[in-house]
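Peer 1: Residue numbers (my numbering), protein chains in the order written: chain G, 1 to 335; chain F, 1 to 335.
Everything labelled a hint here was simulated from the structure, so no lab data went into it.
It is possible that part of the hints are untrue.
As the list claims (entries may be wrong) - Over the 12 Å line for every Cβ pair with chain F, so calculated as not near, a few chain G residues:
id, residue
1, ARG15
2, LEU24
3, PHE63
4, PRO102
5, LYS108
6, LYS115
7, CYS162
8, ARG221
9, LEU246
10, ASN291
11, LYS308
12, ARG333
Said to hold, decoys possible - To give an idea of the interface, some chain F residues facing chain G are shown, with a C-beta separation under 10 Å as derived from the structure:
id, residue
13, ALA41
14, GLY236
15, LEU326
Unchecked claim - Computed cross-link-like contacts, DSS-like style, restricted to lysine-lysine with a CA-CA straight-line distance of at most 25 Å:
id, chain 1, residue 1, chain 2, residue 2
16, F, LYS134, G, LYS134
17, F, LYS134, F, LYS107
18, G, LYS139, F, LYS286
19, F, LYS139, G, LYS139
20, G, LYS118, G, LYS295
21, G, LYS139, G, LYS114
22, G, LYS139, G, LYS108
23, G, LYS3, G, LYS134
24, F, LYS118, F, LYS108
25, F, LYS139, F, LYS107
26, G, LYS134, F, LYS139
27, F, LYS139, F, LYS114
Just so it is clear, the structure is predicted and the values come from calculations on it, not from any experiment.
C-beta atoms are modelled at their ideal positions from N, C-alpha and C, and glycine is treated no differently.
There are 2 protein chains.
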Amino acid sequence: MSKQLVMLEHGSGGRASANLIEQLILPAFSNRYLAPLADGAILDPIPGRIAVSTDSFVVDPIFFNGGDIGSLAVNGTVNDIAMCGATPKYLSAAFVLEEGFPLADLKKILSSMKKAAKRAGVLIVSGDTKVVPKGKADKIFINTTGVGSVPFGLDVGPHAICEGDAILLSGFMGDHGLSIMMLREDLGFFAEIQSDTAPLNGLVCDCLAACHVHALRDPTRGGVGGALWEIARASGFGISIQESGLPVRPQVESACQLLGLDPLYVANEGCLLAFVPEGEAKTALKIMQNNPFGKNAAIIGRVTKENKGQVFLETRAGGTRIINPLAGELLPRIC
Amino acid sequence: MSKQLVMLEHGSGGRASANLIEQLILPAFSNRYLAPLADGAILDPIPGRIAVSTDSFVVDPIFFNGGDIGSLAVNGTVNDIAMCGATPKYLSAAFVLEEGFPLADLKKILSSMKKAAKRAGVLIVSGDTKVVPKGKADKIFINTTGVGSVPFGLDVGPHAICEGDAILLSGFMGDHGLSIMMLREDLGFFAEIQSDTAPLNGLVCDCLAACHVHALRDPTRGGVGGALWEIARASGFGISIQESGLPVRPQVESACQLLGLDPLYVANEGCLLAFVPEGEAKTALKIMQNNPFGKNAAIIGRVTKENKGQVFLETRAGGTRIINPLAGELLPRIC
Numbered sequence: 001m002s003k004q005l006v007m008l009e010h011g012s013g014g015r016a017s018a019n020l021i022e023q024l025i026l027p028a029f030s031n032r033y034l035a036p037l038a039d040g041a042i043l044d045p046i047p048g049r050i051a052v053s054t055d056s057f058v059v060d061p062i063f064f065n066g067g068d069i070g071s072l073a074v075n076g077t078v079n080d081i082a083m084c085g086a087t088p089k090y091l092s093a094a095f096v097l098e099e100g101f102p103l104a105d106l107k108k109i110l111s112s113m114k115k116a117a118k119r120a121g122v123l124i125v126s127g128d129t130k131v132v133p134k135g136k137a138d139k140i141f142i143n144t145t146g147v148g149s150v151p152f153g154l155d156v157g158p159h160a161i162c163e164g165d166a167i168l169l170s171g172f173m174g175d176h177g178l179s180i181m182m183l184r185e186d187l188g189f190f191a192e193i194q195s196d197t198a199p200l201n202g203l204v205c206d207c208l209a210a211c212h213v214h215a216l217r218d219p220t221r222g223g224v225g226g227a228l229w230e231i232a233r234a235s236g237f238g239i240s241i242q243e244s245g246l247p248v249r250p251q252v253e254s255a256c257q258l259l260g261l262d263p264l265y266v267a268n269e270g271c272l273l274a275f276v277p278e279g280e281a282k283t284a285l286k287i288m289q290n291n292p293f294g295k296n297a298a299i300i301g302r303v304t305k306e307n308k309g310q311v312f313l314e315t316r317a318g319g320t321r322i323i324n325p326l327a328g329e330l331l332p333r334i335c
Numbered sequence: 001m002s003k004q005l006v007m008l009e010h011g012s013g014g015r016a017s018a019n020l021i022e023q024l025i026l027p028a029f030s031n032r033y034l035a036p037l038a039d040g041a042i043l044d045p046i047p048g049r050i051a052v053s054t055d056s057f058v059v060d061p062i063f064f065n066g067g068d069i070g071s072l073a074v075n076g077t078v079n080d081i082a083m084c085g086a087t088p089k090y091l092s093a094a095f096v097l098e099e100g101f102p103l104a105d106l107k108k109i110l111s112s113m114k115k116a117a118k119r120a121g122v123l124i125v126s127g128d129t130k131v132v133p134k135g136k137a138d139k140i141f142i143n144t145t146g147v148g149s150v151p152f153g154l155d156v157g158p159h160a161i162c163e164g165d166a167i168l169l170s171g172f173m174g175d176h177g178l179s180i181m182m183l184r185e186d187l188g189f190f191a192e193i194q195s196d197t198a199p200l201n202g203l204v205c206d207c208l209a210a211c212h213v214h215a216l217r218d219p220t221r222g223g224v225g226g227a228l229w230e231i232a233r234a235s236g237f238g239i240s241i242q243e244s245g246l247p248v249r250p251q252v253e254s255a256c257q258l259l260g261l262d263p264l265y266v267a268n269e270g271c272l273l274a275f276v277p278e279g280e281a282k283t284a285l286k287i288m289q290n291n292p293f294g295k296n297a298a299i300i301g302r303v304t305k306e307n308k309g310q311v312f313l314e315t316r317a318g319g320t321r322i323i324n325p326l327a328g329e330l331l332p333r334i335c
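Bound-form chain G, shown alone (with noise of 0.2 Å):
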């Protein structure tokens, strides 16, 4: 297995891609919604309403510090649906291959998707495999599309963000984006930053069992601060955040004024923003640290009537900065 590679023969619908698929792929995934191989899978009926979300993943390097782009795209869109309010419950996986990728590295990234799809708990029911000559795509993305279950009489979303609503941060700011740019740039010396890439919806059900969330938002690319500016500009109300609150690990701080970086757009792939009325506060953020994945959770902010459609950072030092989102482009193919 170690030596052979991804043949443009794999991606023709004939033989070749049969062995694939039979071989690699259901082994991994093997469901009853999958193995028929038809052209689509057929699902039971999903009760109220759906969520659907899609994203492709393009990271590089494909392996890193706490996961893969494997673990990646499985988290991230299950963490795209529960943004919705919704349970993710069934995802399908594309694959576009370089000529010349290693099967075994493939086998490694279906082997880690297969466990962050059961750590999830959601089934991988469709599938599509693409091979491109050699030069024409970079060794593997993925998209990941993901179906889910909308609770009834559920409604989060910027619009359902009132004045004076709390804001908290579940973990760590830019664990995800600084141990991918460690890798990139080869700075050894921070080489035990980790990427946070975990599932969500568990988190998210507990805070939707436990209080009243008006908005969700997990800020991968443009980080916090980005995510920040996004729901500021879509509710029409001010945002403003407290510097000194802001959950970083000493390193990632380090490593951010090594490099120059303002660890506010760095990427993250394991924690979510919430929106909750002011007197839940406290509420929900017991209820984060009570999870596994929200143990370093934080209040790191509020909803204002004034500065409508911006996002005001109060710094440790008195002042007040206002947080845009980047013009350019921090570090591509984060995610």
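Put chain F on the given structure of chain G with help from the hints.
Peer 2: Showing chain F alone in chain G's frame:
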């Protein structure tokens, strides 16, 4: 617009991403599900069982006679959903763009997706855009994932095939594959060959209303030969087809002869194979021929108890040939 190019910033999750989405993507696909630009789309309840299918499109060249990567990506997934006997309702669309790709080409592709979605009666409800550095992907790859509704009590698939079933093919073989090959090989004298890319959900709907359809399959990669081989294998029955009954355009046949190809293995993107009870074959044929996407339909063969799991072709000369899937790759990046 014509000189503007995709930049890495367009995939950053920052201001450039927001501009690209708001100025190019939203105007093309605008609908009430996509408009909130949340992490996922929340859809109305879908009654009954749900069909899900995913496909990534990497076709090269991206513009060809009769369509482009955009219309292909919409029709391809619409058809995969329809082949489950389902009514396609919603699609997601995820783009991997190469840095430097012309925004004018992206606009053209989006417009073509918009038209194709309208024609097929589906809404594009969730999206994603990633940009990779120049040379790390080839122009544009599109993943579409579809969600559809399966009528109560309907169960189509290879498992439902019966001995004696008639096999119908709804249109000419090989048009799509040849249209791509003509461009790749720069064979201008066959320039009139057009891809057959088309949405087949209406045709499927007509057939399901008029007869007891046992199985459906769109013979894309691997062609009619590859699709029949898969079905024979999955159903456990034999399949017998008549060479004289296979519909092929004369210019496709000539081009195939010139290139040393068998049209049986060339990809299609706008025709389907239908398995119906022997006694309903003529009704099914008439129904197909009355639909604009089935006017060249033909009865091409039947299901046999003999030769289990195999496909036999009765040649024009009166001989018999076993149809196996190709071991190698006929033409990479056909879809």
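Peer 1: State for each hint whether it applies.
Peer 2: Evaluation of the provided hints:
1. Its beta-carbon lying about 5 Å from the closest one in chain F, ARG15 of chain G breaks the requirement of being farther than 12 Å from that chain.
2. Non-interface call for LEU24 of chain G relative to chain F: holds, since the shortest CB-CB distance, roughly 17 Å, exceeds 12 Å.
3. Every C-beta of chain F lies more than 12 Å from that of PHE63 of chain G, the closest at about 17 Å, which supports listing it as non-interface.
4. The beta carbon of PRO102 of chain G is kept farther than 12 Å from every beta carbon of chain F, the shortest such distance being approximately 18 Å.
5. Under the 12 Å C-beta cut-off, the non-interface status given to LYS108 of chain G relative to chain F holds; the minimum distance is some 21 Å.
6. With a closest Cβ-Cβ approach of about 21 Å to chain F, LYS115 of chain G is found to remain outside the 12 Å limit, as its non-interface label requires.
7. The claim that CYS162 of chain G is not at the interface with chain F holds, since no C-beta of that chain comes within 12 Å of its own (minimum 17 Å).
8. The non-interface label for ARG221 of chain G is inconsistent with chain F: the shortest C-beta to C-beta separation is roughly 3 Å, within 12 Å.
9. The beta carbon of LEU246 of chain G is kept farther than 12 Å from every beta carbon of chain F, the shortest such distance being approximately 18 Å.
10. Every CB of chain F is more than 12 Å from the CB of ASN291 of chain G (nearest about 19 Å), matching its label as outside the interface.
11. Distance check on LYS308 of chain G: its Cβ is at least 17 Å (rounded) from any Cβ of chain F, clearing the 12 Å threshold; non-interface status holds.
12. At roughly 6 Å from the closest C-beta of chain F, the C-beta of ARG333 of chain G falls inside 12 Å, breaking its exclusion from the interface.
13. Look at ALA41 of chain F: its Cβ gets to within about 5 Å of chain G, closer than 10 Å, so that hint holds up.
14. Interface hint at GLY236 of chain F: violated, since its Cβ lies 13 Å from the closest Cβ of chain G, which is beyond the 10 Å cut-off.
15. Hint on LEU326 of chain F holds. Least Cβ distance to chain G is approximately 4 Å, under the 10 Å limit.
16. With a CA separation close to 15 Å, the supplied pair LYS134 of chain F and LYS134 of chain G stays within the 25 Å bound.
17. With a CA separation close to 19 Å, the supplied pair LYS134 of chain F and LYS107 of chain F stays within the 25 Å bound.
18. For the hint pairing LYS139 of chain G with LYS286 of chain F, the CA-to-CA distance comes to about 48 Å; that exceeds 25 Å, so the pair is violated.
19. A C-alpha spacing of about 16 Å is found between LYS139 of chain F and LYS139 of chain G, which places the hinted pair at or below 25 Å, so the restraint holds.
20. Taking the CA atoms of LYS118 of chain G and LYS295 of chain G, the gap is about 22 Å. The hint holds against a cut of 25 Å.
21. Simply put, LYS139 of chain G and LYS114 of chain G have alpha-carbon atoms about 20 Å apart, close enough for the 25 Å limit, and the pair holds.
22. Only pairs whose Cα atoms come within 25 Å are accepted, and LYS139 of chain G paired with LYS108 of chain G is accepted, the gap being roughly 14 Å.
23. Between LYS3 of chain G and LYS134 of chain G the alpha-carbon distance is near 16 Å, which keeps this suggested pair within the 25 Å criterion.
24. With a CA separation close to 15 Å, the supplied pair LYS118 of chain F and LYS108 of chain F stays within the 25 Å bound.
25. This hinted pair checks out: LYS139 of chain F and LYS107 of chain F have alpha carbons roughly 13 Å apart, not beyond 25 Å.
26. The hinted pair formed by LYS134 of chain G and LYS139 of chain F meets the criterion: a straight-line CA distance of about 14 Å does not exceed 25 Å.
27. Taking the CA atoms of LYS139 of chain F and LYS114 of chain F, the gap is near 20 Å; set against the 25 Å cutoff, the hint holds.
Checked against the numbered hints above, the structure violates hints 1, 8, 12, 14 and 18; every other hint is satisfied.
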